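Construct the entire structure; sequences and hints are all you get.
This is what each chain is made of:
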Amino acid sequence: MSAASLLFSCSMHVGVSHPKVAAKPSPCCLLNQPWNHLKSKTPFGHSGVFEKSKLSHKGDEILWRAGALQVESAPSFSMGQKFHLHDVIEAQQFDRETLNAIFEVARSMESIESKSSRSQMLKGYLMATLFYEPSTRTRLSFESAMKRLGGDVLTTENAREFSSAAKGETLEDTIRTVEGYTDIIVMRHFESGAAKRAATTASIPVINAGDGPGQHPTQALLDVYTIEREIGKLDGIRVGLVGDLANGRTVRSLAYLLAKYQDVKIYFVSPNVVKMKDDIKDYLTSKGVEWEESADLLEVASKCDVVYQTRIQKERFREKIELYEEARGKYIVNQDVLDAMQKHAVVMHPLPRLDEITVEVDRDPRAAYFRQAKNGLYIRMALLKVLLLGW
Amino acid sequence: MSAASLLFSCSMHVGVSHPKVAAKPSPCCLLNQPWNHLKSKTPFGHSGVFEKSKLSHKGDEILWRAGALQVESAPSFSMGQKFHLHDVIEAQQFDRETLNAIFEVARSMESIESKSSRSQMLKGYLMATLFYEPSTRTRLSFESAMKRLGGDVLTTENAREFSSAAKGETLEDTIRTVEGYTDIIVMRHFESGAAKRAATTASIPVINAGDGPGQHPTQALLDVYTIEREIGKLDGIRVGLVGDLANGRTVRSLAYLLAKYQDVKIYFVSPNVVKMKDDIKDYLTSKGVEWEESADLLEVASKCDVVYQTRIQKERFREKIELYEEARGKYIVNQDVLDAMQKHAVVMHPLPRLDEITVEVDRDPRAAYFRQAKNGLYIRMALLKVLLLGW
Amino acid sequence: MSAASLLFSCSMHVGVSHPKVAAKPSPCCLLNQPWNHLKSKTPFGHSGVFEKSKLSHKGDEILWRAGALQVESAPSFSMGQKFHLHDVIEAQQFDRETLNAIFEVARSMESIESKSSRSQMLKGYLMATLFYEPSTRTRLSFESAMKRLGGDVLTTENAREFSSAAKGETLEDTIRTVEGYTDIIVMRHFESGAAKRAATTASIPVINAGDGPGQHPTQALLDVYTIEREIGKLDGIRVGLVGDLANGRTVRSLAYLLAKYQDVKIYFVSPNVVKMKDDIKDYLTSKGVEWEESADLLEVASKCDVVYQTRIQKERFREKIELYEEARGKYIVNQDVLDAMQKHAVVMHPLPRLDEITVEVDRDPRAAYFRQAKNGLYIRMALLKVLLLGW
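Taken in order, these protein sequences are the chains called V, H and C.
Per our numbering, residue 26 is the first one in the first sequence, and the count goes up by one each step.
Per our numbering, residue 26 is the first one in the second sequence, and the count goes up by one each step.
Per our numbering, residue 26 is the first one in the third sequence, and the count goes up by one each step.
Just so you know, the hints here were simulated from the structure itself, not pulled from any lab data.
Treat the numbers as computed from the prediction; the structure is a model and nothing was measured.
Careful: at least some of the hints might be erroneous.
Since copy identity is lost for identical chains, a pair holds within one copy or between any two.
For lysine to any residue, the following SDA-like pairs were computed, each having C-alpha atoms within a straight-line distance of at most 20 Å [to be verified]:
(1) K399 with E197
(2) K140 with G175
(3) K290 with V314
(4) K328 with D260
(5) K148 with E135
Written out as structure tokens, the structure is:
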């Protein structure tokens with residue numbers, strides 16, 4: 026492999042053109058560089074130098090494109106700087122290489138977390154959890170991630186008070202104030218697009234912890250990471266998406282991300298009222314991803330590496346409660362499904378679950394959903410590390 | 026004396042059979058072992074081996090029974106390992122020896138807390154306060170305890186959101202998720218028995234910080250600890266329990282624990298509508314504890330080492346507000362009561378108080394209730410230390 | 026200058042006569058002593074020793090007066106102890122010298138905060154934020170200040186639960202409990218005077234983070250600090266106070282503090298319904314501070330060093346909504362105002378703002394309001410340092 030082949034196009038949403046944490050040199054910046062192994066692959070002891078990143082606006086999306094690689098006698102450690110992650114706003118911002126790099130950091134976090142003498146990598150750093158609506162599970166996961174790395178946290182679960190109707194402060198003004206108190210903002214908001222607005226305003230990194238019906242990119246990342254950890258690969262996998270495919274942003278994001286891998290096949294198993302929408306189907310087709318709808322959960326289970334079950338979201342049915350009840354009971358992951366599944370396959374679920382996975386399944390080693398929740402910790406540790414210290 | 030004869034009988038509620046924190050060796054595990062001083066008393070420099078603890082189920086309760094103690098030539102420092110505390114669920118789980126051991130650790134915490142350079146004993150450990158109903162006082166006490174020992178905290182006061190009616194997650198699923206983010210769970214719940222269910226599920230230690238009308242074991246421990254600190258002994262004490270003896274779980278637990286000591290006498294002084302119930306009276310009688318009901322607070326005060334006043338709980342009287350008003354004013358601890366009390370005796374109260382202790386009493390050195398609140402900190406520090414690092 | 030001329034009278038409200046943190050010696054107590062520079066000014070290598078402070082009550086105010094300077098062969102570092110700050114309760118407690126000393130510490134905090142390896146000055150110290158009403162902005166600012174100095178925090182935003190109507194605990198009892206868990210209390214309360222009551226009760230320092238319509242002294246301090254940082258001086262400045270001057274405690278406190286400086290001139294620019302009240306005007310007159318009312322914002326802007334805009338508080342108008350709408354639109358700081366202003370002048374605002382400053386102003390370097398919010402962090406860091414470690 027020649028250095029020149031290390032070309033890539035890294036599409037990411039960034040709100041500002043300057044590196045957000047550039048002013049904060051860290052003693053840890055040489056640790057955990059997932060790209061260090063590339064050094065030895067570069068001939069002649071020198072490495073690639075990338076053209077300065079350029080920002081170009083394309084409609085609603087801002088693309089950060091690295092230019093063509095120019096081989097010079099530069100030190101190879103610059104490989105670790107070939108892209109800089111400013112914010113985490115939406116699943117679409119990550120290409121395959123970025124995903125791989127994040128997963129490599131996440132794996133190193135697993136070993137850090139398991140030790141009793143935990144890391145002090147982020148000592149002296151403060152994270153603000155700016156939650157405009159409560160989400161205890163997501164908040165605790167981020168706060169644990171920050172503290173497991175030695176950082177500290179400013180918590181708020183009633184951030185609406187900042188911008189109360191009575192006082193009427195804009196999100197932008199709130200962000201400009203809060204960024205003075207902290208090093209990174211993790212934001213949950215009720216409005217789609219709020220995270221992007223915050224990132225555009227902030228001079229410090231912003232992580233979207235869910236903005237309304239929009240995005241929840243760290244959930245999407247942990248899902249893909251879990252598949253790789255459980256199955257050992259992402260290319261060539263067979264995934265059954267089960268349950269509420271119309272309303273679940275989780276399965277939609279997952280389908281989107283899986284399209285980045287080779288030879289993936291996706292099965293959709295869902296009640297008629299909550300079928301996967303055409304936009305995702307069309308997208309998969311355009312990317313050459315095979316997909317198929319099925320009404321036979323057992324047959325799909327027998328073919329898949331991953332059975333990804335989801336909760337039927339009662340709140341979407343409103344007064345049509347009989348439709349909900351019908352949909353809810355239709356596809357249950359139980360012992361029969363386990364019996365149909367292959368030995369190496371796993372059951373996943375974004376949680377919380379009701380009875381769409383029976384409790385008996387919990388005892389089977391193929392029940393991966395609590396490991397999946399734990400992987401959320403590693404992914405968030407990795408993102409905090411990368412956003413604050415770089416690769 | 027053979028090592029094998031070092032059997033003992035330690036009855037405690039444990040939810041799981043494996044040591045919960047065994048996988049987490051700590052560099053601090055040799056500090057603050059209250060049993061270290063016993064080493065020198067052991068001849069021949071070798072030690073005892075304990076029978077593996079055995080779990081036996083008895084209806085709703087799980088008992089951990091070691092066999093009878095057999096004294097042999099074992100080194101006494103193993104005394105410190107004779108029992109392992111997995112969870113703190115209910116006052117009944119503690120026998121006298123366990124109480125003494127906890128109190129000894131609590132005393133060592135007093136000196137740690139008073140220093141400006143505080144302990145880093147629990148550095149790297151995370152505690153989650155999973156409060157399904159708010160209790161600011163209890164939560165702050167636990168969080169202070171954790172932080173005074175160098176640990177950190179994940180806080181939630183709206184844990185109900187985890188298991189909202191809309192989403193319907195079980196407590197067990199919540200615990201399986203949260204245990205991935207933290208090293209110990211302190212839980213407050215609105216349902217009796219919730220702490221036991223959490224402990225059964227969790228692979229990390231659980232402390233019950235109150236579960237509905239059920240248990241609040243750390244309050245019971247701090248009450249007994251306070252009596253020992255203030256009076257200097259527990260055997261042979263005279264305690265007057267005053268106020269709402271029917272509804273107060275505090276006085277009920279205290280009576281229960283006092284029965285573990287020798288030659289204790291308890292006086293009950295309460296309005297007729299909130300008298301101590303027969304179950305506790307019968308229990309005391311069965312344990313050979315003398316008790317007596319009295320309507321004369323001054324006379325009881327003159328005889329007691331401890332006057333334990335409690336608040337009449339208005340919320341229990343509902344529409345019978347005149348009964349409440351009558352009960353409320355009946356037994357007040359004021360200067361007259363102080364005048365009747367002996368010099369060495371003390372006034373205790375679980376707080377908050379209304380006017381059942383007049384403010385004038387605060388100035389008397391025998392007013393022990395704020396010291397009692399402070400002792401809650403030491404007890405909680407001790408429990409966190411023991412559950413996370415062992416004895 | 027002889028040492029004997031270093032006399033001063035330091036008027037401060039203190040709730041208790043003993044030094045609150047005297048029992049807690051700190052290894053950091055020799056750092057950041059703003060008075061160290063005085064050493065070289067003291068002849069003969071020795072310095073002043075101050076008479077023991079004496080407390081004298083004067084009506085509602087307690088004055089702490091240092092006695093006459095006695096020159097002895099004492100080491101000059103004792104200069105750093107010439108006054109001790111016990112609590113921060115109200116803007117009036119600070120004289121000019123104390124303000125200067127606090128600002129000097131605040132400036133040193135700016136350089137601490139900007140470093141990635143932050144200070145551990147307050148390591149081992151705990152601050153409780155006891156908020157009886159939520160104020161996320163103020164709380165986050167204090168918590169960031171504490172954590173930037175290596176300290177830790179116990180948070181509560183529902184402190185009302187401590188003293189719920191049902192349970193009825195007094196503020197004093199709550200303080201006596203909480204002071205056992207922490208080293209300093211930052212309190213927000215809905216009742217005027219609550220902070221003073223808390224400070225009188227507590228044996229640890231108390232900072233008032235706003236008590237009802239009463240005081241919010243740290244806001245007043247950060248405003249004066251910002252003027253000094255932005256304009257470079259306080260004597261001789263021209264300040265335009267604009268907007269709601271009747272209800273805004275911010276502008277009232279600011280006018281009060283500015284009266285401590287020489288040759289200050291204040292312009293009041295406000296709709297008729299929310300004019301500055303006579304008490305402040307009379308106070309300024311009594312202190313020889315020139316002031317003037319004006320209806321011409323552009324003219325005032327052209328003369329001032331500081332244009333201090335405030336929000337018209339809708340909640341004060343109640344049903345008279347048409348009066349509110351009229352007042353609200355009357356004086357807007359926009360590009361026209363900027364154009365009228367001098368180059369060195371600045372726009373300030375306590376935030377949150379609605380549209381009384383247009384967004385276009387944000388881009389002008391003279392827009393100082395977000396820097397002002399950031400200065401709140403430095404002032405709070407300084408106060409925490411001084412209250413816990415001394416000067």
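Results of checking the hints against the structure:
In this homomeric assembly, K399 and E197 come within 20 Å of each other (Cα to Cα) only across copies, at 15 Å, whereas the closest approach inside a single copy is 33 Å. In this homomeric assembly, K140 and G175 come within 20 Å of each other (Cα to Cα) both inside a single copy, at 13 Å, and across copies, at 17 Å. Taking identical chains as interchangeable, the C-alpha atoms of K290 and V314 lie at most 20 Å apart only when both belong to the same chain, with a minimum of 6 Å there against 73 Å between chains. For the homomeric pair K328 and D260, the shortest alpha-carbon distance inside one copy (16 Å) is at most 20 Å, but the shortest distance between copies (70 Å) is not.
Taking CA atoms no more than 20 Å apart as the test, K148 paired with E135 passes in both settings, with 18 Å inside one copy and 19 Å between copies.
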